[in-house]
Structures are given as structure tokens and as C-alpha cells.
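Novice: Residues per chain, in single letters:
2 protein chains.
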Amino acid sequence: MVQILENNTEKQLTIGTRIEKVLWDMFDNISHALEDIDGTQLQEQSWTLDEKYQWIEGESSNGITYIDKALRGGNVFEKVGLNYVSKQGQLPPGMTFQGADIVPVESGDEKANQKSTSFFATSTSVVINANNPMVPTAHVNYRYFQIGDGTEPGSWWFGGGGDLTPIYLFEEDAVHFHQVHKEACDKHNSEYYPRFKKWCDQYFYLPHRSECRGVGGLFFDNLQDDNIETLFSFVKTCSEAFIRAYIPIVEKRKDMEFTEQNKYWQRLRRGRYAEFILLHDRGVRFGLDSGIVNTQSVLNCMPGEAFWNYSDEPVSDSPEAKLVEVLRNPREWV
Amino acid sequence: MVQILENNTEKQLTIGTRIEKVLWDMFDNISHALEDIDGTQLQEQSWTLDEKYQWIEGESSNGITYIDKALRGGNVFEKVGLNYVSKQGQLPPGMTFQGADIVPVESGDEKANQKSTSFFATSTSVVINANNPMVPTAHVNYRYFQIGDGTEPGSWWFGGGGDLTPIYLFEEDAVHFHQVHKEACDKHNSEYYPRFKKWCDQYFYLPHRSECRGVGGLFFDNLQDDNIETLFSFVKTCSEAFIRAYIPIVEKRKDMEFTEQNKYWQRLRRGRYAEFILLHDRGVRFGLDSGIVNTQSVLNCMPGEAFWNYSDEPVSDSPEAKLVEVLRNPREWV
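Top line first, the protein sequences correspond to chains A and B. In short: position in the first sequence from 1, add 47, done, that's our numbering. In short: position in the second sequence from 1, add 47, done, that's our numbering.
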């Protein structure tokens, strides 16, 4: 870690280095917050690429650092996965970025076809599943991408957001989570919250189930339509907001009583979460298909225990049905 | 069901009707075999499409019959899903089949563009997960597709196969399962077993895990490179072989002792099975993406309980490692 922080200090002035530090702090702060609540140290594993492009264990190397933290079977948390990535690299010749996607350079552009493209990427992503079914699952991810030195128009973008997936709906928790994120957005632009709240409901949607994954939050991708300093500040504020948005909910719900039926419903909902990750999550699919990300890291976001049953429609007017009603009809929480 | 069987008798002479009957018998026979072992009646649900293209419960209607059978939490079986489909329909104008895929008609073909294409499809698919981790999971599916009346060259195909997914490896079980399937193949063509065994190893492969799903069996798709009567007989023989290939293994293993560690490993392997279904299974992806198959039916093949853990690599020389070794290096079993 020391190496990264020293590098950050040396290269203080670039946005890449500053956002790398913001995302590292987010990774570190969330790790500590989770360890404090659970009373358990997270398992840590770092990865680097050897010369033959095999993922091997290692602290950091040649501008590529993957650090995973994980917890399984904790006192409060069933499964937690955190990933930090900072990567400088070269795209293969003939490939470039189009928004958030890696695509072939247009065939007429011979010059671009022949040179490889340097890029810088950094990201922190976190998924938190608790033991108690009254505690919602949370996901947060912020990321920055840059081609070359990021000075060309359209050569950089931010992505990310945070969202909440209750097993049982406590409306006050959804309101709190959204309120904290709305305040973070409003510090920068009053149009951000409604825009990214809607985007979140649209992105975390399972069409085959006609359900949103949860009660939403924020989501944005390929964000570059404002001054880079403005967006940097906005992402920094959001990355700091997550702990305030989520941890008080964990504290409030973690010791509530629950039944075997509640636990069964939790595992069914974990099944839906697994469906979203494996069928729809763009980052996961890219990670697995590209082969350039370590599988163990990509799937660090999977839930701990998932159930499937042929019949899983809840009984009318039950607490379970109340959740599904909200997932099928996203609400304005604040 | 009566209605279907009567229809079968009336249309005795077409291949479509004969294979429909073969697949119905397979569905029915496997259902009864599972009920006999478990001592539990399978839950049954039939579906049809209403005029507004909503899936509703119903026995059968207008040439479309979906029948699902399911069991969860049985005496022997943790989760069983069986699907029977028989469907006559019209593809939308401008669409046709190219092998096993529905694709747009080539734009120059104005005549084909303007008419809708009639098709007939029938399939039985089964996934069986047992409680005892010593009992392997099994999957079997046979299907027939036809455009128009199936008299044009290339206007019909068969697909399917059966494969075995052990949690713990008993080599004699893998040998038995393959032996029965090899004998079924050899009755028709000595080249079938090696060809479809290899295809199975290739299809049921998780590239992100560098593992086969299980110890294989048979797999083929878009099969039309022989006389239709020959292939009909071959598929009929295979569809009848499954019970002989699998049920004796269940009988042999279902009362073996096991530990909590065995159960944990079983659930991790179920996680891999879920990954295959959601990431790679072509039929599942088509079913979910197309929206023309009921989601509850498509996902009837999901495992019951799945676990994920950041670290799930087995200890060297353990029984768990022995399984993974075989999944990474498919063997010739017979």
C-alpha cells in the first residue's frame, strides 16, 4: 500500500492520481467500517500480472494493482467483497475506447490502427451482504477511465453509484439512503440526483423478473458532460457519502429478531441478486469475457448463499409481497 | 395430457408427432422414476399464452403446451425441475431459422420477408439435484425443431444430450453413465459416441473457471446430417437411456454418510452450476432474452442452494481436489 500512497504524493497534480487516492481512501474507510462493526478482520489478497499474463499473488507491479478484501461468515456480515483496482496499461493495437466500451478502431483510420493506446483505470467496488435478513444488501462502486493523458476531449469518464437492496422493506431506510445521496449530489448540481436516481432504477433491473434489483440509489456511466474538476469533486463527495448512507442502517437492523421464513426469503432474494450479476452486470460480464481480470476478483461481488425455488411468489399482503410491489414500481423516496 | 396423447394418435405419421410422443414419454417416465425414489409427488404446473401474450396457467391451448414439474426439499432430492414443451407457432415476418438460431431473413429475399414462417418445436429437459452430496447432479434434454412441414432440406434438426455433474467423484459412476450412453449411441452409429462425448465436454465448459461443468456425457445441437428416421431412432434410444444411466447411481449413493464439509462443497459446486446456466446456457439465455418463454419455466433448471466464497480452491490431494482435477482435464471414461 505504501508504494501506492507514495506514488500518489509524487504525482499529486494529475486527476488520475487524485481520483486513485479518493478511491483508495473509500476502499480503506469502508474496510475499516465493516471490520469495526463485525469485529473481524477482512481477508486480503493482492494480485498482479506476470509476464505470461497469469494472475499471481503480489503487492503491486508495473502500474497494475488489484487488491481484494473479503469476509465470509462474520458476526454481522454473511459475505463482503471489496475490490480496488489501479491499472495503467496499453490497449492492443487496433482497439480503442468508445465511451465505456473497448471497440475496434474504425478501419479507415490506419494511423490509429497501428499504434497501441495507453490507458489508466481505477475503481473501488463493494458489495455487502449481512446475516440478518432485516439488513439490506448494499453495493457501491466508483471508477475513472482515461485514455492517454486524458487531455483530449472525451478521453476520460467517471462511472459508479451506490444502491440498496432490501430483503424486507423498511421505508425509512430507503429514504435515509436516498437522502444522503441526494445531499451529496445537491452540493454539486441539483439535476444530478433525479438524473442518476432514474438511471439507477433503469440499470439495476431484471427484465425477466419485471423487477428492479432493489430500491435504487445512484448510477451513472461514461460521465464526461461537465468540467473534469466538477465531476471529480462530485464523485469524491459521493464516495465519501456511502458510509453515512449505509452503516447507520446496518447498526439499526443487525440485532433485530428474525425467523427461518425470513432467512428463506433472504436466500431467495440472494438468488435474484446472483441472476442480476451473472446475466446483466456489465462490469462482471466484461471481466469474465475479456479474461483480463482475475475471475476470483470479478466474482467477489457474488452473494454468499442463494436459493432457488420453482414457486417463489410471496403471499398477498405479506411483508415479502410489500417488497416485491416496490421492486416492480420504483418510488421517489425523497 | 389426454388431449396431447389423442392428438399424437391422430397425427401418427409425422416425425413431429412421433418425437412429441417420445419426449412426452421421457418426461412422464423420468417424473415417475423420481417420484418413486423420493416418495413425493412432483408439483405440476402447465402454461399457455393468452391472446395478449401473457403466460397464464392452463392445460394446453392452440398448439402451445408448456408443462413444468418441480420438487423442492424432497426426501432424496433437493430440487428437481422438468419441462415439457410442444409448440406450433409462426415466426414473425422477416425472421427465419438458421440452424438452431432465429435470425432475420436475408434482405434480398423479398418473398420470404413478407410471409411468416410456421414452425414446430418440442422438448423435454430435466435437471436433478439430490440432497446427498455423494449423488451427482444430472441434466438431460432432447428436442426437435421443424420449419413448415419439415420436408425441405435443412428444415428440421434434433438437439440434446445427457450429462453428469458429480460433487464428489466416484469413477465407477462416471464410467456407468458414459457406458450406458455409449451403448445407446453404438446401436445407431459407432461414430456418434466419440463425437457427442467431445461436444459435451466442449459445450459444458466454464471458461472463466477453466473447468468443465461435470464429467460430461452426450451433447449435440442442430443435428441434421443423417436420414431423419435414423436420427429420430437415435434420439429415441438416447431419451430412453437416461433412466438406466442415472437412477442406479442415485440408488447407490443416496444413503451414504456425509459431513457438513461435504455439504458445503456441494453448495459451492451448485454455485458453479448456477454460473453455467446464467452465463453460458444457450437455451436459458434465449428463453430469458426472447421473452417468449415463461421465466419460471426457464429457470426451473436452477439449483436449489448455491454458495459462493472468495476462496474456494480445495486443499491438495483432497477428494474435492480430485474432482476439480477431472473437471480441468476431461477423461475418456469408456
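One or more hints might be untrue.
Any copy, or any two copies together, can satisfy a pair, since identical chains are not distinguished.
Said to hold, decoys possible - For lysine-lysine, the following DSBU-like pairs were computed, each having C-alpha atoms within a straight-line distance of at most 35 Å:
| hint | residue 1 | residue 2 |
| --- | --- | --- |
| 1 | Lys369 | Lys310 |
| 2 | Lys68 | Lys310 |
| 3 | Lys68 | Lys369 |
| 4 | Lys134 | Lys310 |
| 5 | Lys299 | Lys310 |
| 6 | Lys299 | Lys283 |
| 7 | Lys134 | Lys299 |
| 8 | Lys234 | Lys301 |
Just so you know, the hints here were simulated from the structure itself, not pulled from any lab data.
Novice: Failing hints, ascending?
Specialist: 2, 3, 4, 7
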